[in-house]
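Protein chains: 2
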Amino acid sequence: MRILITGAAGMIGRKLTQRLLRDGKLAGKPISALILQDIVPPAVPHSGTFEVTASTGDLAKVETTDALVATRPDVVFHLAGVVSGEAEANFDLGYRVNLDGTRALFEAIRRAGIQPRVVFTSSIAVFGAPFPDIIPDDFHLTPLTSYGVQKMMSEALLADYTRKGFFDGIGIRLPTICVRPGKPNKAASGFFSGIIREPLAGMEAALPVPRSVVHTHASPRSAIGFLIHAAGLDGATVGPRRNLTMPGVGVSVGEQIEALRRIAGEDAVKLIREEPDDTIWAIVRNWPTRFAATRARELGFEAESSFDEIIRAHMEDELEGSRQS
Amino acid sequence: MRILITGAAGMIGRKLTQRLLRDGKLAGKPISALILQDIVPPAVPHSGTFEVTASTGDLAKVETTDALVATRPDVVFHLAGVVSGEAEANFDLGYRVNLDGTRALFEAIRRAGIQPRVVFTSSIAVFGAPFPDIIPDDFHLTPLTSYGVQKMMSEALLADYTRKGFFDGIGIRLPTICVRPGKPNKAASGFFSGIIREPLAGMEAALPVPRSVVHTHASPRSAIGFLIHAAGLDGATVGPRRNLTMPGVGVSVGEQIEALRRIAGEDAVKLIREEPDDTIWAIVRNWPTRFAATRARELGFEAESSFDEIIRAHMEDELEGSRQS
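Protein chains in written order, with this note's numbering: chain L, 5 to 329; chain F, 5 to 329.
Don't read these hints as lab results, they were simulated from the structure.
Do not rely on the hints blindly, as some may be mistaken.
Claimed, not checked - Derived Cβ-Cβ restraints for the label pairs, each shown as a range:
| # | chain 1 | residue 1 | chain 2 | residue 2 | range |
| --- | --- | --- | --- | --- | --- |
| 1 | F | Ala-31 | L | Asp-96 | 25 to 35 Å |
| 2 | L | Ile-138 | F | Gly-28 | 18 to 28 Å |
| 3 | L | Pro-280 | F | Pro-244 | 21 to 31 Å |
| 4 | F | Pro-244 | L | Pro-185 | 33 to 43 Å |
| 5 | L | Pro-136 | F | Val-273 | 41 to 51 Å |
| 6 | F | Asp-281 | L | Pro-136 | 51 to 61 Å |
| 7 | F | Ala-74 | L | Phe-95 | 51 to 61 Å |
| 8 | L | Arg-301 | F | Thr-241 | 38 to 48 Å |
This structure is a prediction, so every number in the text was calculated from the model and none was measured.
Built from N, CA and C at the ideal position, the CB exists for glycine as well.
Given only the sequences and the hints, what does the whole structure look like? Please build it.
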């Protein structure tokens, strides 16, 4: 089993790499090679049992994608992309990386005549407000950001390339990943992680939106689980609708804070400062709340069942992290 | 009012041109220039009151789109594209013309900093089976052909370019256009027109599918009406969801034939030969049946209210056509 990961230097890419190194196999088959691609050089960890190589380059360039596909991967995890805020601020960059990069990769696979499983990380940003309370799998696609449009267009390509037999694709629409490890970032969604991560580390965290905001989360551990599960799915069982909304935990910010209180006590909760931010609120108020994710659950994708579990996953994987790998 | 029509040499393009020449105005304003583009040289009709020019070239080439946009149109009718069957048979050509050509045109408009109304002809092929009996406006987009994917991707771009203020776009999803004038073609949908057009001309026509097949039709006259109406719509009234399913007449093939009988008598109906064709049936059985088209109707788009009217429109516009223009 030869595996290619694009965007391997990102948070999900690094965690997926660690998981594959630990498992040594994917979809029941031993891993023989792992190729890590990113626009910046990804770290190349050591594996005792298979080759790990790195490739640095721009996916939208044909020489990059051709070289990657020449490694003849059996499974491609296509994670590379610029994030929502960046795609909105830089229109050209977003389309170039998120759309042209994806299409160039798909085209290179088609030209090479290999037919790998392609697992693509899409996003709930393909949906746009107004929303029902629980968003069904067949909710229509009306993205309200350039990022969402780029993900939607990439999903459509993935479905068409799969239908034509050029590869066997699965698109997974990730909910917000929480608790994100590392430092606070400027993403509008950053506070969802910040209000848990910082207090657990004894630091203050700002809450820019009302506690009534409901949103759906999955842990980094679940996101890696989705990717691994997607790699082993039987395409015939999935059928022609190849883009799946992943499950997650739909909770209000208030419920997130109650979970923190149960796990880390009142002292942790006191570190959360209410700092209303109109800019963030204007963005977040149009975000989706809860998803049915019926098809994904039926196909065996599993997320946490409570926000308590999400916090515990963070504590196990990040705060006691060294003993995990 | 300066007007650009891409794909002007096609059936819809030629009829739109004739209509604009006749009206002399669009959205209440006098027409000062009409620019006709196509990959083959479009006919350049004479207008006594404004300039009509032709441009021949490949829309996916930057020199073509830049030259077109340099004419500084106030309204762009973007009709150019390869048809469904061709896009399915020639994967590269379909994406090149239907996606890259559209994107190149949109990009040229963005670069030029003009902000025209862009009316784009999309298609009900953005929808994919299985369908409910009546397809609502917010039915999800899961096209099952490359053509449908290309139209869906173009719609998404149109909405995003509109949201970003680069132009003011309206996408109109056309139902099957019936009765198409001219000779029979190889399109899988050709028989819907053929079983009316040929008998009216005293010729035999093959019916390759069961009479129970239900499908939605609008006349060429209605299609031109949609385009003209879209050009004059207030974008603020339309809101962020810029792609609209057009109304039409949803009827079974049996009802089409009954309408023909009412208008042209039993002798005409006798010219229809049942010739089951498994290939056509395999395609047509997955086609959508009826559409609600609620938003489009509310926004003032009008189609025929019966198939009898569609036949009469064909007879008036084509069989007595010379006195119309």
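For a quick check of understanding: which of the numbered hints are violated here, in increasing order? 2, 6, 7
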